[in-house]
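Quick note, this note's numbering runs 1 ahead of the 1-based positions in the sequence shown.
Bear in mind the hints are in silico, worked out from the structure with no lab data behind them. Just so it is clear, CB atoms sit at the ideal spot from N, CA and C, and this is done for glycine as well. Worth double-checking, as some hints may not be accurate.
What the hints assert, rightly or not - Restraint-style ranges between C-beta atoms, simulated for each label pair:
#1 66 / 23: 27 to 33 Å
#2 22 / 66: 25 to 31 Å
#3 66 / 41: 14 to 20 Å
#4 6 / 46: 18 to 24 Å
#5 30 / 5: 17 to 23 Å
#6 10 / 43: 18 to 24 Å
#7 5 / 43: 27 to 33 Å
#8 35 / 4: 25 to 31 Å
#9 21 / 58: 17 to 23 Å
#10 57 / 10: 17 to 23 Å
#11 4 / 44: 28 to 34 Å
Stated by the list, open to error - For lysine to aspartate or glutamate, the following DMTMM-like pairs were computed, each having C-alpha atoms within a straight-line distance of at most 20 Å:
#12 59 / 46
#13 53 / 35
#14 18 / 46
#15 17 / 35
#16 56 / 46
#17 18 / 35
#18 17 / 46
#19 39 / 50
#20 59 / 35
#21 18 / 55
#22 17 / 41
#23 53 / 15
#24 17 / 55
#25 59 / 15
#26 39 / 15
#27 17 / 50
#28 39 / 55
#29 59 / 41
#30 56 / 15
#31 18 / 41
#32 56 / 35
#33 18 / 50
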Amino acid sequence: MSNIIPLAVGDILELKKPHPCGRSRFCVLRVGSEVRVKCETCGRDMTLDRIKLEKAIKHRVPAQGSES
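Kindly generate the complete structure, drawing on both the sequences and the hints.
This is how it looks when you write it as structure tokens:
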């Protein structure tokens, strides 16, 4: 079983595969069993299963004021 990646609202995620607009950085809007993220370039938001999203994360930048 894999470790759960700690996610918080405001975190910036860099994913392995870019969004169709060409950028691969997303901001976390909501966290739960499904995670809602918003593309930093075009503003499109989408809801993804947490397990699928965790596999796609390349790099995570914690939100300002977040300790983890």
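Structure-based check of all given hints:
In this structure, residue 66 and residue 23 meet the distance hint of 27 to 33 Å, their C-beta atoms being roughly 30 Å apart. Distance hint for residue 22 and residue 66: a CB-CB separation of about 28 Å, consistent with the stated range 25 to 31 Å. As the Cβ distance of residue 66 to residue 41 is approximately 19 Å, the hint placing it in 14 to 20 Å holds. Here the CB-CB span from residue 6 to residue 46 is close to 20 Å, well matched to the stated 18 to 24 Å.
Remark: the range hint 17 to 23 Å for residue 30 to residue 5 is upheld by a beta-carbon distance near 19 Å. For the hinted restraint 18 to 24 Å between residue 10 and residue 43, the CB-CB distance of approximately 20 Å keeps it satisfied. The hinted range of 27 to 33 Å is satisfied by residue 5 and residue 43, whose Cβ atoms lie roughly 29 Å apart. Distance hint check: the CB atoms of residue 35 and residue 4 are about 19 Å apart, inconsistent with the given range 25 to 31 Å.
Distance hint check: the CB atoms of residue 21 and residue 58 are about 19 Å apart, consistent with the given range 17 to 23 Å. In this structure the supplied range 17 to 23 Å holds for residue 57 paired with residue 10, their Cβ-Cβ distance being about 19 Å. In this structure the hint that residue 4 and residue 44 lie 28 to 34 Å apart at CB holds, the actual value being about 31 Å. Note on residue 59 and residue 46: the hinted pairing holds, with a Cα-Cα distance of about 19 Å set against a maximum of 20 Å.
As the CA atoms of residue 53 and residue 35 are separated by approximately 9 Å, the hinted pair is consistent with the 20 Å bound. Distance check on the hinted pair: residue 18 and residue 46 sit about 16 Å apart at the alpha-carbon level, within 20 Å; holds. With a C-alpha separation of about 19 Å, the suggested pairing of residue 17 with residue 35 holds against the 20 Å cut-off. Only pairs whose Cα atoms come within 20 Å are accepted, and residue 56 paired with residue 46 is accepted, the gap being roughly 19 Å.
For the hint linking residue 18 to residue 35, the alpha-carbon distance of about 19 Å falls within 20 Å, and the restraint holds. At most 20 Å may separate the alpha-carbon atoms for a hinted pair to count; residue 17 and residue 46 meet this at roughly 17 Å. Restraint check: the Cα-Cα separation between residue 39 and residue 50 comes to about 14 Å, which is no more than 20 Å; the hinted pair holds. Proximity of residue 59 to residue 35 is assessed by CA-CA distance (about 18 Å); at most 20 Å being required, the pair is judged to hold.
A C-alpha spacing of about 13 Å is found between residue 18 and residue 55, which places the hinted pair at or below 20 Å, so the restraint holds. Restraint check: the Cα-Cα separation between residue 17 and residue 41 comes to about 15 Å, which is no more than 20 Å; the hinted pair holds. With a C-alpha separation of about 14 Å, the suggested pairing of residue 53 with residue 15 holds against the 20 Å cut-off. In summary, the hint linking residue 17 to residue 55 is supported, as the alpha carbons are separated by about 11 Å, within the 20 Å threshold.
Only pairs whose Cα atoms come within 20 Å are accepted, and residue 59 paired with residue 15 is accepted, the gap being roughly 6 Å. Between residue 39 and residue 15 the CA atoms are separated by roughly 12 Å; this keeps the pair inside 20 Å, and the hint holds. Proposed proximity of residue 17 and residue 50 is supported: the alpha carbons are some 16 Å apart, at most 20 Å. Distance restraint check for residue 39 and residue 55: the Cα-Cα separation of roughly 15 Å lies within the 20 Å cut-off, and the hinted pair is therefore satisfied.
The suggested pairing of residue 59 with residue 41 holds, with an alpha-carbon distance near 16 Å, which does not exceed 20 Å. Simply put, residue 56 and residue 15 have alpha-carbon atoms about 12 Å apart, close enough for the 20 Å limit, and the pair holds. Proximity of residue 18 to residue 41 is assessed by CA-CA distance (about 14 Å); at most 20 Å being required, the pair is judged to hold. Our distance criterion of 20 Å between C-alpha atoms is met by residue 56 and residue 35, whose separation comes to about 13 Å.
In summary, the hint linking residue 18 to residue 50 is supported, as the alpha carbons are separated by about 16 Å, within the 20 Å threshold.
In summary, the one numbered hint that this structure violates is 8.
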